[in-house]
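Just so you know, the sequence shown maps onto residues 1 to 90 in the working numbering.
Treat the hints with caution; some may be incorrect.
Straight-line distance between alpha carbons at most 25 Å, and here's what the computed SDA-like set of lysine to any residue pairs gives [to be verified]:
hint, residue 1, residue 2
1, K86, E61
2, K86, A54
3, K86, R5
4, K86, L11
5, K86, P29
6, K86, A72
To be clear, the hints were calculated from the coordinates, so they are not data collected in a lab.
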Amino acid sequence: MTPIRSERLTLRLMTHTDVDTYVAYRSDPVTLELLETHVPPIAERIHAEVDAAASLGGLAEDHWVRLAVTLAGEEEMIGDVGAGIKNGGG
1 MTPIRSERLT LRLMTHTDVD TYVAYRSDPV TLELLETHVP PIAERIHAEV
51 DAAASLGGLA EDHWVRLAVT LAGEEEMIGD VGAGIKNGGG
């Protein structure tokens, strides 16, 4: 998947390099209070999600992927966003 770029940010597929950062900020007690599940992520599961998204090549119909958010020109993940395409293309 081609990264999505703006003047300030880049959205790209998460990589295995991002997993530790993702697990760390998503495990923070303050962050957990804001999440629907209130359950910290498990690194092995996130690594599996990274592999699944890579095998699809990014966004694909009826699949959800996690995109890393980085500052433009930087590689370090500062956040994430989920994206997907519904059946029929919505």
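Cross-check of the supplied hints:
no.: 1; hint: K86 with E61; in the structure: holds, 6 Å
no.: 2; hint: K86 with A54; in the structure: holds, 19 Å
no.: 3; hint: K86 with R5; in the structure: holds, 23 Å
no.: 4; hint: K86 with L11; in the structure: holds, 20 Å
no.: 5; hint: K86 with P29; in the structure: violated, 32 Å
no.: 6; hint: K86 with A72; in the structure: violated, 28 Å
Of the hints listed earlier, those the structure fails to meet are numbers 5 and 6, in rising order.
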